[in-house]
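Residue numbers (the numbering used here), protein chains in the order written: chain A, 5 to 410; chain B, 10 to 279.
Keep in mind the hints are simulated off the structure, nothing from the lab. There's no promise every hint is true.
Computed list of lysine to any residue pairs in SDA-like fashion (alpha-carbon distance at most 25 Å, straight line) [to be verified]:
1. A:Lys396 x B:Val115
2. A:Lys22 x B:Met174
3. A:Lys396 x B:Lys222
4. B:Lys43 x A:Ala406
5. A:Lys12 x B:Lys222
6. B:Lys222 x B:Ala268
7. B:Lys109 x A:Tyr409
8. B:Lys109 x A:Trp122
9. B:Lys57 x A:Asp402
10. A:Lys396 x B:Ser134
11. B:Lys91 x A:Arg408
12. B:Lys109 x A:Tyr393
13. A:Lys316 x B:His235
14. B:Lys147 x A:Phe11
15. B:Lys91 x A:Lys157
16. B:Lys109 x A:Arg20
17. B:Lys109 x A:Asn6
18. B:Lys109 x A:Trp392
19. B:Lys147 x A:Lys157
20. A:Lys22 x B:Ser134
21. B:Lys119 x A:Arg408
22. A:Lys12 x B:Ala268
23. A:Lys397 x B:Lys222
24. A:Lys96 x A:Trp122
25. B:Lys106 x A:Arg329
26. A:Lys316 x B:Ser126
27. A:Lys316 x B:Ser80
28. A:Lys12 x B:Met171
29. B:Lys152 x A:Tyr409
30. A:Lys397 x B:Arg132
31. B:Lys147 x A:Leu10
32. A:Lys197 x A:Trp122
33. B:Lys57 x A:Asn405
34. B:Lys147 x A:Arg20
35. A:Lys12 x B:Ser80
36. A:Lys12 x B:Leu107
37. A:Lys396 x B:Ala268
38. B:Lys152 x A:Ala406
39. A:Lys316 x B:Ser134
Being a predicted model, the structure only gives us computed values, none of them experimental.
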Amino acid sequence: MNFSNLFKIAYQAILRNKTRSLLTMLGIIIGISSVIAMVSLGQSSSQNINEQISSMGTNLIMVNRSFQRRGGVNMGNSSSQSLTVKDCELIKAKCQSVAKISPSVSTSGQLVRGASNWPGSMQGGSPDYLEIRKFEIDKGTNFTENDIKEFRKVCIIGQTVVDNLFEDGTDPIGQEIRFGNTPFKIIGVLKPKGQNQMGQDQDDIVIAPYSTVMKRLLATQYIHMIYASAVTEDACEQAVEEITEVLYASHKLKDGDEADFDVRTQAELLSMLNSVSGFLTVLLAAIASISLIVGGIGIMNIMYVTVTERTKEIGLRTAIGARSRDIMFQFLLESSMLSLVGGIIGIMFGLFLSYIISMALSWPFIISFSSVVISFIVCAATGIFFGWYPAKKAANLDPINALRYE
Amino acid sequence: MVPAPCKNNGTKAINPPIIKNTIMPTIIKIENLKREFIVGSETVRALKGVSYEIEKGEFVSIMGTSGSGKSTMLNILGCLDKPTSGEYYIDNIAVSKLSKDELAFVRNRKIGFVFQSYNLLPRTSSLEQVELPLLYNKNISSKERRERAIYALEQVGLQDRMGHMPNQLSGGQQQRVAIARAIVNDPVILLADEATGNLDTRTSYEIMSLFQKLHEAGKSIVFVTHEPDIAVFTSRTIMLRDGRVTKDVAVDTKSAKEALDALPPSEDYN
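The shape of chain A in the complex, shown without the other chains (with noise of 0.2 Å):
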């Protein structure tokens, strides 16, 4: 019995009974649109990641207060006091592969300006804080070595909190603002950068000499973090590797010791946010499988059903010539085409779905050619495997009396 004719009598049993058909792919086209769509969501996020954080520099380095490690993903609340201004001076003098860097300290409070007031935090850096963090400035100027020589009380401000505390629409330039207790002179205002992929809003932001903010806000010796960025791309690793050498030296630690701050680049950053995606990925494809199962139990169901019903044509086709082999090869192409139909429909389905959520999201839309081939072996073998226990049933229907059954 050739191939052709055996896909051909498989095709007009399922077109023989469409709706049930169609009942039957339900599941797989569920499973399977869903496993896609995850999928590819799961990539449209992780590359959405990649290029935001690309956006924000790939050579910015961190240096944090070390402390519990908690999954990895920096916490930044902690009252370990190690960092210093003076080891920024050194790590400017001593590393080549460092090209600009910032003390940081921020604390937050009350922002006041006459009758109307913000929530807002205060950061504190250097005049290079704002370059290696990718902030510019739209009105007005960035403060100078001289304001954090003296402790001027001078802040830039983010679009957000412009509009918070001047909705009058009065030039913040050279305006004095509350922070608690202490008055600020608005020097500059920053360009707009709207929310970040953690959902921050980056314009919510005030950013003053970290002098001032040291002496008079927070009346510490110690600084939080230290902002730095590596001369090229390339060079971050060694810039971090010498960071941690002259830290190391500064905190007086040996080789072996704990460090008491940790060095973290945006490239280590991104690794973990996309691992941290990837996982999430495919354990959302995992549970979306599950439903796939269920197609397939769903397929085995109907296709028992229909051998039973389709007794008396089963041992017809006997009687006409049929081989045991040509029933189970019928019934499980049967299942199988089904299964991969209803595979095509879920693919253009999920694929779909994705498209609409990342178009929704301003996500960037990805198709992943392996899930899809992935996707389409699974339901040729889902369709075999559910099928293989009805088809052999089938196959070993006894002719005689399946003809006599009613």
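Chain A is already provided as a structure; the job is to place chain B on it using the hints.
Chain B alone, transformed into the frame defined by chain A:
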């Protein structure tokens, strides 16, 4: 009548006309056939040693009441069942020596089945019904398949109903489609199991008339029935009772067409 065009079907030649008292090739030979079934702890002896021969071109009826063993006989003739002992030769092939696949081959090429309840596939056109046995014959191209199917439908007079589904056909028409399906592979023998059982008198006579027409064209037919009214349309009757042959006689054949014409006109026309 011109027989079906045969291209790849082996050595089937044109069927010669029937000449009485001439020795014709034997197409079916049953030798001391026994068939026993084990049901629980009992042995049911359905056939207790049956022997006969059927020559090419005969129209034989096998008669008996239920329990006579005629269904078992039919199943063995149709290669759906194997005898416990004894031998069955069809077209000089010893069936007991055949593997399952070879049996399927015999059923496909040598035998044409006609059932009491037609056994047509649901939601399938007449043409596709008749093509079905040819689908299991890998030597036939789809073009030849179509041609043969159309020819078979013409032979049973249903060339105008090729696209009809079974639910659009009357009982008699459905049985004719089944008969077309049975002859499409040009088998050695047609096996009919109570082929008129589900039909009214008029339609039964129409179907018997068709069988007689096929017989005149040279087809060999074995017709299992329990109705003597139907058996008179055949040319030989083998009586079975309790698993044995009690009679094996020639029949004074009546013409089904004449019987049909002799029926009172249908109530439809009153």
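Hint check:
For a cut-off of 25 Å, the pair hint linking A:Lys396 to B:Val115 stands: about 23 Å separates their Cα positions. At most 25 Å may separate the alpha-carbon atoms for a hinted pair to count; A:Lys22 and B:Met174 meet this at roughly 16 Å. For the hint pairing A:Lys396 with B:Lys222, the CA-to-CA distance comes to about 42 Å; that exceeds 25 Å, so the pair is violated. For a cut-off of 25 Å, the pair hint linking B:Lys43 to A:Ala406 stands: about 23 Å separates their Cα positions.
Note on A:Lys12 and B:Lys222: the hinted pairing is violated, with a Cα-Cα distance of about 34 Å set against a maximum of 25 Å. About 14 Å separates the Cα atoms of B:Lys222 and B:Ala268, which keeps this hinted pair within 25 Å; it holds. Between the alpha carbons of B:Lys109 and A:Tyr409 the distance comes to roughly 22 Å, so the proposed pair stays at or under 25 Å and holds. For the proposed pair B:Lys109 and A:Trp122, the alpha carbon gap of about 88 Å is over 25 Å, so the pair is violated.
A threshold of 25 Å between alpha carbons decides the hint, and for B:Lys57 with A:Asp402 the separation of about 23 Å falls inside it, so the pair holds. For the hint pairing A:Lys396 with B:Ser134, the CA-to-CA distance comes to about 28 Å; that exceeds 25 Å, so the pair is violated. As the CA atoms of B:Lys91 and A:Arg408 are separated by approximately 18 Å, the hinted pair is consistent with the 25 Å bound. The hinted pair formed by B:Lys109 and A:Tyr393 meets the criterion: a straight-line CA distance of about 21 Å does not exceed 25 Å.
Note on A:Lys316 and B:His235: the hinted pairing holds, with a Cα-Cα distance of about 23 Å set against a maximum of 25 Å. For the hint pairing B:Lys147 with A:Phe11, the CA-to-CA distance comes to about 13 Å; that is within 25 Å, so the pair holds. A hinted pair counts as satisfied when its Cα atoms are at most 25 Å apart, and B:Lys91 with A:Lys157 does not qualify at roughly 107 Å. Pair hint B:Lys109 plus A:Arg20 does not hold up; C-alpha atoms about 29 Å apart against a cutoff of 25 Å.
Between B:Lys109 and A:Asn6 the alpha-carbon distance is near 18 Å, which keeps this suggested pair within the 25 Å criterion. With a C-alpha separation of about 21 Å, the suggested pairing of B:Lys109 with A:Trp392 holds against the 25 Å cut-off. For a cut-off of 25 Å, the pair hint linking B:Lys147 to A:Lys157 is broken: about 95 Å separates their Cα positions. Between A:Lys22 and B:Ser134, the direct Cα distance comes to roughly 16 Å. Compliance with the 25 Å bound is thereby established for this hinted pair.
A hinted pair counts as satisfied when its Cα atoms are at most 25 Å apart, and B:Lys119 with A:Arg408 qualifies at roughly 22 Å. Distance check on the hinted pair: A:Lys12 and B:Ala268 sit about 43 Å apart at the alpha-carbon level, beyond 25 Å; violated. Straight-line distance between C-alpha atoms of A:Lys397 and B:Lys222 comes to about 41 Å, which puts the hinted pair past the 25 Å bound. Using a Cα cut-off of 25 Å, the hinted pair A:Lys96 and A:Trp122 is violated, with the two alpha carbons roughly 36 Å apart.
Between B:Lys106 and A:Arg329 the alpha-carbon distance is near 20 Å, which keeps this suggested pair within the 25 Å criterion. A C-alpha spacing of about 11 Å is found between A:Lys316 and B:Ser126, which places the hinted pair at or below 25 Å, so the restraint holds. For the given pair, A:Lys316 sits about 17 Å from B:Ser80 by alpha-carbon distance, which is consistent with the 25 Å threshold. The hinted pair formed by A:Lys12 and B:Met171 meets the criterion: a straight-line CA distance of about 19 Å does not exceed 25 Å.
The straight-line distance between the Cα atoms of B:Lys152 and A:Tyr409 is roughly 34 Å, outside the 25 Å bound, and the hint therefore fails. The hinted pair formed by A:Lys397 and B:Arg132 meets the criterion: a straight-line CA distance of about 24 Å does not exceed 25 Å. For a cut-off of 25 Å, the pair hint linking B:Lys147 to A:Leu10 stands: about 10 Å separates their Cα positions. Taken as a hint, the A:Lys197 and A:Trp122 pair is honoured in the structure, with Cα atoms around 19 Å apart against an allowance of 25 Å.
Proximity of B:Lys57 to A:Asn405 is assessed by CA-CA distance (about 22 Å); at most 25 Å being required, the pair is judged to hold. Annotation: proposed proximity of B:Lys147 to A:Arg20 holds, straight-line Cα distance about 23 Å (limit 25 Å). With a C-alpha separation of about 33 Å, the suggested pair A:Lys12 and B:Ser80 falls outside the 25 Å cut-off, and the hint is violated. About 29 Å separates the Cα atoms of A:Lys12 and B:Leu107, which puts this hinted pair outside 25 Å; it is violated.
Between the alpha carbons of A:Lys396 and B:Ala268 the distance comes to roughly 49 Å, so the proposed pair goes past 25 Å and is violated. At roughly 32 Å between alpha-carbon atoms, B:Lys152 and A:Ala406 are farther apart than 25 Å, so this suggested pair is violated. Between A:Lys316 and B:Ser134 the CA atoms are separated by roughly 18 Å; this keeps the pair inside 25 Å, and the hint holds.
Of the numbered hints listed earlier, those contradicted by the structure are 3, 5, 8, 10, 15, 16, 19, 22, 23, 24, 29, 35, 36, 37 and 38.
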